[in-house]
Amino acid sequence: MTVTYEEALQKYEPVFGLETHVELGTRTKMFCGCPTAFGAEPNTQVCPVCLGLPGSLPVVNQRAIEFAIRIGLALNCSIASWCRFARKNYFYPDMPKNFQISQYDEPLCTDGYLDVLTGGETVRVGIERVHLEEDTGKSLHVGGATGRIQGAEYSLVDYNRSGIPLVEIVTKPVPGTGYLAPEVARAYVTELRDVLRTLGVSDVRMEEGSMRCDVNTSIAARGSGAWGTRTETKNVNSLRSVERAVRSEISRQAGVLDAGERVVQETRHFHEDTGVTTSGRSKEEAQDYRYFPEPDLVPVAPADEWVSSIRASLPELPSARRARLISAWSLSELEFESLRNAGALDVVEATVAVGASPADARKWWLGELARKANDDGIEVSALPITPSDVARIAALVKAGTLNDRLAREVIDGVLWGEGTPDEVVEKRGLAVVSDDSALIAAVDEAIAAHPDVAEKVRGGKVAAAGALVGAVMKATRGQADAPRVRELILERLS
Amino acid sequence: MAITRDEVAHLARLSRLALSDEELDHLAPQLDQIISSVAQVQEVAAEGIPPTSHATGLTNVFRDDEPVACLSPAEALFGAPAEELQRFKVPRILVEE
Amino acid sequence: MNELTTKTAAELAAAVAGGEVSAAEVTAAHLARIEAVEGQVNAFLHVAADAAARASEIDARRAAGAPLGPLGGVPVAVKDLFATVGMPTTCGSRILEGWHPPYESTITRRLREAGAILIGKTNMDEFAMGSSTENSAYGPSHNPWDLSFVPGGSSGGSAAAVAAYEAPLALGTDTGGSIREPAAVCGIVGTKPTYGGSSRYGVVAFASSLDTPGPLARSVLDAALLHEAMSGHDPMDSTSIDAPVPPVVAAARQADVAGMRIGIVSEFSGEGYQPGVMTRFNEAVELLESLGAKVTEISCRHFKYAMPAYYLIAPSEVSSNLARFDGMRYGLRASASSAEETMSLSRDAGFGDEAKRRIVLGTYALSSGYYDAYYGKAQQVRTLIIRDFDAAFEQVDVLVSPSSPTTAFPIGERADDPIAMYLADLCTIPSNLAGNAAISVPCGLAPENGLPVGLHVMAPVLADDRLYRVGAAVEAAFESRWGHPLLTEAKGLSA
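Residue numbers (our numbering), protein chains in the order written: chain A, 14 to 507; chain B, 989 to 1085; chain C, 16 to 510.
None of these hints come from the bench; they were simulated from the model. Don't take each hint at face value.
Below, a list of computed lysine to aspartate or glutamate pairs in the EDC-like style, where the Cα atoms sit at most 20 Å apart [what the hints assert, rightly or not]:
| id | chain 1 | residue 1 | chain 2 | residue 2 |
| --- | --- | --- | --- | --- |
| 1 | A | K440 | A | D417 |
| 2 | A | K247 | A | E141 |
| 3 | A | K411 | A | E500 |
| 4 | A | K151 | B | E1035 |
| 5 | C | K319 | B | E1035 |
| 6 | A | K376 | A | E362 |
| 7 | B | K1077 | A | E54 |
| 8 | B | K1077 | A | D417 |
| 9 | A | K151 | B | E1072 |
| 10 | A | K151 | B | E1071 |
| 11 | A | K101 | C | D387 |
| 12 | A | K385 | A | D448 |
| 13 | C | K319 | B | E1031 |
| 14 | B | K1077 | A | D107 |
| 15 | C | K506 | C | D161 |
| 16 | B | K1077 | C | E356 |
Sequences are here, hints too, so could you generate the full structure?
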């Protein structure tokens, strides 16, 4: 039975949660000194430890612990004063020891939150835990039509990724977001990504797999106060997919319940191409990971002073920056969101820092420059124009040297590589005509050419002056200062 | 009886051991005897006693985030039962876990 | 038998360093001895093809005036679970047949740097699980005192090689007694150092929280020399203790127990203890008293739970440690159509009975629902045993017991009776659970069968030197009483 998302939300209340795996940007792996560079030739970044050779032993990368603590602090978590790694035992060919070194009931960071902004509202997403573990190798599935594991004849395993440090960030279940659940889920991952990027702990590239999400979703009848059976959707590897996966799972589960059936607690796979989830292969036996404390590693007990020094070194986080900018620039949350979503926060802030007003900086970066970036399919920050250039252009407009149309031409010139704004103004001869005698001649010509309009203005219809201003601007090929033209017209006709 | 033959068979599957019927017949009663014997630990009054996983009492043993030399692919793949495209070749994988 | 093979390591190192004999001659003599007796002992799984060449390198260094290292030119036999470049490492298992590690264990690297000649890899119970070497996939080793008896285990190949004069020194590992029990039943010296005192890097794991590499030798001083050469902090092993190596060689030379407080563990006697073992043990205690030690009896009331706790903890860890042997990356691969089936068939074909028993047992103990009752409880028992030791070491400097309740047993006698086999480690297991140091030194022959008995001495963590003080004192006193080293009475070999 197919149920639309809107129908589903009329009857059911969704709850979602996210488990996000993030590869840390350490130089070396979690437990050995192999490099972590992406895209190396297969099995060139391996050693006895990350190949799980008999006799090899892990040693913890201190930087990975520090990064995990940074993340925990940024997510308002408590940092464990003592915790251990544990072995998670299961057999799989891409896991060289057939156990994964992870953390079980003693995670490094617990019980925090992340405030996320969506649709102008702030939602507090609880963080259950942040723990460290090691990544697995990567398999290439050969034979079969799709390159997928299903139908493959055999697989080829590359262990370069094996042992790369991962943090797993697990939210608490997020209830009460109703219709907005998919958007809140997406906004959480977006905010998390921004936090991680700000912290400098990961390159957070979802397309390269350095950030991967599993989405838990359940629904229950509205007003029932109960929570439904949840499913875990794996393989959700873009921001858009997070939103689509939650939406599609809510609709699917509503269909199941409407048909009088039960939602099965299971793993599901998200398909980017179709936007739907399908059931993971059912398991013949219930999984029992037989966790136990990793005997090859000693406990981690971060000293208070170490945690304090990490806390002191945290950069300004996105939420604090949001509060600061909203206040300093007198923005609404929606205005802030549009700046952030355009990826223009850094450049606007830098432009303000070199003297432009926040309003001017936003106007140029979100307007003309955002259009240019969009045309080129790049981020605004990637345009070949600096915040100083934009501030200078804004200053020239403010001084009356340029008007908006000329300013856009200057921007074109800078983007074309013709030099600084001043050089472009010089080379293209773009300064506003500010000589009143030249303008007065043009104004008189315009009045003479449009006697009927002039009559209306004289009669008190000041708004009609616009037509005359337009005529003057046309005659001066846009190089006149429009407000001054308007003043002169009104003077002549008063 | 501490453990049944069926339970032993289940544990063997969990540990990826394709035990034959004869092996199960042989090992199950031995395991039953061993488990009955080790169950003595349950007699110990241990309430409030912390568990020991590591006898050394060491904590915070770390390495610096400095790269060291890797194995060459040839060394890494030297003992591989099968290889292709500089990767370990393994039979088709049936289940995802 | 070339007399070079009867020399101690200390004597050989001095002779090579002094130019009285070449490393090449020493090595050739031992290779000849191996050739002569291996058919009877089966101590080695692999004899180093490059031993003669390595010995010539030592001789060349000496000719060039370069320092040789403390073990310059001394042959060392290596238990076949140390990863060694240039020699296979099988762990006594079919599943690793022909595996050549692409890296070297820290300890064998240190020994090579100390000038030792790694002469070969010795037989062992599969993955160090056993007390007789009968669990080796490559046939049992034989006790040089009587070839129809086991040499103990799991380091039985190492013990037999030393007792048969095939090498003056050998490396073993001790997880529940796997150095001390074979040393005892072969009439030689074997030490389990403090856990964390000797590196586990490159030592194929059995039970990671218990495994301790250590020396086997014919004399206490030789054991100390190897102990010192192999020990010390290793940044590749997170459980390695960053502290100076206890002064074991100096202690072995000191050989003085006057004023030492020695405690007899009262739990380690009575039912199950062979009368001749107790006779010799009691004589050793009297000897210690006669040498000026103050002997008292100490009760360690949780030691009786050490065995069941051990047989939960060790199998749990081994079930996880042995998971990697699945035929995917190295080792035996059975032919099957899927990865999962290939793993299961490879593991069934590659592991022996004891490995399978312990894998299943460990899988059981860690299963959700059983964890608290078994593994969790065993970890608490471990704490209680540590506390027993701590309390005892407030009263005495060392504890003593027999090394094993019985002398060596006939090959085959306990082969399919796991519980009976496990009893061999009754006295040795507590020190593995607590991580402290212990040694076995010969203290005579059991009157009823003429087989060796070992005196077990236990010392606190990082007080390994006390073992050598006591061991050397006992050794000197007994040898002066007997008029010769005990081992000269071994008559099992026909060569």
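Against the structure, the hints come out as follows:
1. Under the criterion of a C-alpha separation no larger than 20 Å, the hint pairing A:K440 with A:D417 is consistent with the structure, at around 18 Å.
2. With a CA separation close to 19 Å, the supplied pair A:K247 and A:E141 stays within the 20 Å bound.
3. For the suggested pair A:K411 and A:E500, the alpha carbons sit about 17 Å apart, so the restraint of at most 20 Å is met.
4. Between the alpha carbons of A:K151 and B:E1035 the distance comes to roughly 45 Å, so the proposed pair goes past 20 Å and is violated.
5. Annotation: proposed proximity of C:K319 to B:E1035 holds, straight-line Cα distance about 18 Å (limit 20 Å).
6. At most 20 Å may separate the alpha-carbon atoms for a hinted pair to count; A:K376 and A:E362 meet this at roughly 13 Å.
7. Distance restraint check for B:K1077 and A:E54: the Cα-Cα separation of roughly 16 Å lies within the 20 Å cut-off, and the hinted pair is therefore satisfied.
8. For the given pair, B:K1077 sits about 64 Å from A:D417 by alpha-carbon distance, which is inconsistent with the 20 Å threshold.
9. For a cut-off of 20 Å, the pair hint linking A:K151 to B:E1072 stands: about 14 Å separates their Cα positions.
10. Note on A:K151 and B:E1071: the hinted pairing holds, with a Cα-Cα distance of about 15 Å set against a maximum of 20 Å.
11. For a cut-off of 20 Å, the pair hint linking A:K101 to C:D387 stands: about 17 Å separates their Cα positions.
12. A hinted pair counts as satisfied when its Cα atoms are at most 20 Å apart, and A:K385 with A:D448 does not qualify at roughly 33 Å.
13. In summary, the hint linking C:K319 to B:E1031 is supported, as the alpha carbons are separated by about 11 Å, within the 20 Å threshold.
14. The suggested pairing of B:K1077 with A:D107 holds, with an alpha-carbon distance near 11 Å, which does not exceed 20 Å.
15. Between C:K506 and C:D161 the CA atoms are separated by roughly 7 Å; this keeps the pair inside 20 Å, and the hint holds.
16. Distance hint between B:K1077 and C:E356 is fulfilled; the C-alpha atoms sit about 15 Å from each other, no more than 20 Å.
Hints 4, 8, 12 from the list above are not met by this structure, while the remaining hints are.
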